[in-house]
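Given chain A, work out where chain B should sit, using these hints.
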Amino acid sequence: GDQVKQSPSALSLQEGTNSALRCNFSIATTTVQWFLQNPRGSLMNLFYLVPGTKENGRLKSTFNSKESYSTLHIRDAQLEDSGTYFCAALNTGNYKYVFGAGTRLKVIA
Amino acid sequence: AQTIHQWPVAEIKAVGSPLSLGCTIKGKSSPNLYWYWQATGGTLQQLFYSITVGQVESVVQLNLSASRPKDDQFILSTEKLLLSHSGFYLCAWSLTGANYAEQFFGPGTRLTVL
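Those protein sequence lines, which keep their order, are chains A and B.
Following our numbering, the numbering of the first sequence begins with 1 at its first residue and continues without gaps.
Following our numbering, the numbering of the second sequence begins with 1001 at its first residue and continues without gaps.
No wet-lab data here; the hints were simulated from the structure.
All values reported here derive from a predicted model rather than from experimental measurement.
It is possible that some hints are incorrect.
Straight-line C-alpha distance at most 27 Å; calculated DSSO-like pairs for lysine-lysine [what the hints assert, rightly or not]:
#1 B:Lys1028 <-> A:Lys54
#2 A:Lys96 <-> B:Lys1028
#3 A:Lys66 <-> A:Lys106
#4 A:Lys5 <-> A:Lys54
#5 A:Lys96 <-> A:Lys66
#6 B:Lys1070 <-> B:Lys1028
#7 A:Lys54 <-> A:Lys66
#8 A:Lys106 <-> A:Lys60
#9 A:Lys96 <-> B:Lys1026
#10 A:Lys5 <-> A:Lys106
#11 A:Lys5 <-> B:Lys1028
#12 B:Lys1080 <-> B:Lys1070
Pulled from the structure, derived: some chain A residues nowhere near chain B, Cβ distances all over 10 Å [said to hold, decoys possible]:
#13 Arg22
#14 Asn24
#15 Ala28
#16 Ser42
#17 Arg75
#18 Asp81
Simulated restraints on C-beta separations [to be verified]:
#19 B:Leu1083 <-> A:Ser7: 28 to 38 Å
#20 A:Asn56 <-> B:Ala1001: 16 to 26 Å
#21 B:Ala1039 <-> A:Met44: 16 to 26 Å
#22 B:Gly1016 <-> A:Gln14: 44 to 54 Å
Here a beta-carbon is modelled for each residue, glycine too, at the ideal position from N, C-alpha and C.
Pulled out of the complex, with its shape left as it was, chain A reads as follows (with noise of 0.2 Å):
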């Protein structure tokens, strides 16, 4: 099954609205990082993560280690937060990034 499932898989926004991006982990992780992909394909970082919460200006993500799963909440979404968020734990059996399938997500006006 999937090692970083991601959820949902595309999500519709207006303008001014708030969201949750959800990732759960079936692997043992210790790191998780969310990423932004823009159209052209550039992979912007949003969050590198232990254990815990961060936050940046609208955005706020947290990583729960022991329930094996990373949220990334938007608020008050504007048109240029459009793109794929992607999460991506890392692995410590292996110690490689796994990436989840990526959020689509379309900010409407």
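Okay, now just chain B, sitting in the frame of chain A:
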């Protein structure tokens, strides 16, 4: 500041032809370097990683090979392209000696095999 450059930006190649993709990182000494592949609309899959010059480990076999001829350079190649090689190739780096460190990605190379 570190910069990561990939070349070419895009390639259209015939099945059976050779391929060489490059990645250069500037501003960081002895980084760990990685190659990832992404099918259109798909997720990222790690192909290779290297912690030092001349040393490359394969993660997934896709009839591709990688080499690290210089500290700041990582090359992905094959002698015979397959249709299944089409996709987006991304190079990434992280700090030396820390397999769990934060990874930073280059702009990618889009490959179309016809």
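Evaluation of the provided hints:
The suggested pairing of Lys1028 of chain B with Lys54 of chain A holds, with an alpha-carbon distance near 26 Å, which does not exceed 27 Å. In summary, the hint linking Lys96 of chain A to Lys1028 of chain B is supported, as the alpha carbons are separated by about 21 Å, within the 27 Å threshold. Distance check on the hinted pair: Lys66 of chain A and Lys106 of chain A sit about 31 Å apart at the alpha-carbon level, beyond 27 Å; violated. For a cut-off of 27 Å, the pair hint linking Lys5 of chain A to Lys54 of chain A stands: about 21 Å separates their Cα positions.
Under the criterion of a C-alpha separation no larger than 27 Å, the hint pairing Lys96 of chain A with Lys66 of chain A is consistent with the structure, at around 20 Å. Note on Lys1070 of chain B and Lys1028 of chain B: the hinted pairing holds, with a Cα-Cα distance of about 13 Å set against a maximum of 27 Å. For the proposed pair Lys54 of chain A and Lys66 of chain A, the alpha carbon gap of about 17 Å is at most 27 Å, so the pair holds. Under the criterion of a C-alpha separation no larger than 27 Å, the hint pairing Lys106 of chain A with Lys60 of chain A is consistent with the structure, at around 18 Å.
Between Lys96 of chain A and Lys1026 of chain B, the direct Cα distance comes to roughly 24 Å. Compliance with the 27 Å bound is thereby established for this hinted pair. Proposed proximity of Lys5 of chain A and Lys106 of chain A is supported: the alpha carbons are some 20 Å apart, at most 27 Å. The hinted pair formed by Lys5 of chain A and Lys1028 of chain B fails the criterion: a straight-line CA distance of about 33 Å is larger than 27 Å. Restraint check for Lys1080 of chain B and Lys1070 of chain B: the C-alpha separation of about 24 Å stays at or below 27 Å, so the hint holds.
A cut-off of 10 Å between C-beta atoms confirms that Arg22 of chain A is not in contact with chain B; the least separation is 16 Å. Look at Asn24 of chain A: its CB is around 15 Å from the nearest CB on chain B, clear of 10 Å, so calling it non-interface holds up. Its beta-carbon lying about 12 Å from the closest one in chain B, Ala28 of chain A satisfies the requirement of being farther than 10 Å from that chain. The beta carbon of Ser42 of chain A is not kept farther than 10 Å from every beta carbon of chain B, the shortest such distance being approximately 5 Å.
Remark: the non-interface label on Arg75 of chain A is consistent with the geometry, its nearest Cβ contact in chain B lying 23 Å away (cut-off 10 Å). A cut-off of 10 Å between C-beta atoms confirms that Asp81 of chain A is not in contact with chain B; the least separation is 19 Å. Judged by the Cβ atoms, the range 28 to 38 Å given for Leu1083 of chain B and Ser7 of chain A holds: they are separated by roughly 31 Å. Taking the beta carbon of each, Asn56 of chain A and Ala1001 of chain B are about 19 Å apart, inside 16 to 26 Å as hinted.
A C-beta distance of roughly 20 Å is found between Ala1039 of chain B and Met44 of chain A, which places it inside the suggested range of 16 to 26 Å. Separated by about 49 Å at the C-beta atoms, Gly1016 of chain B and Gln14 of chain A satisfy the suggested range of 44 to 54 Å.
In summary, the numbered hints that this structure violates are 3, 11 and 16.
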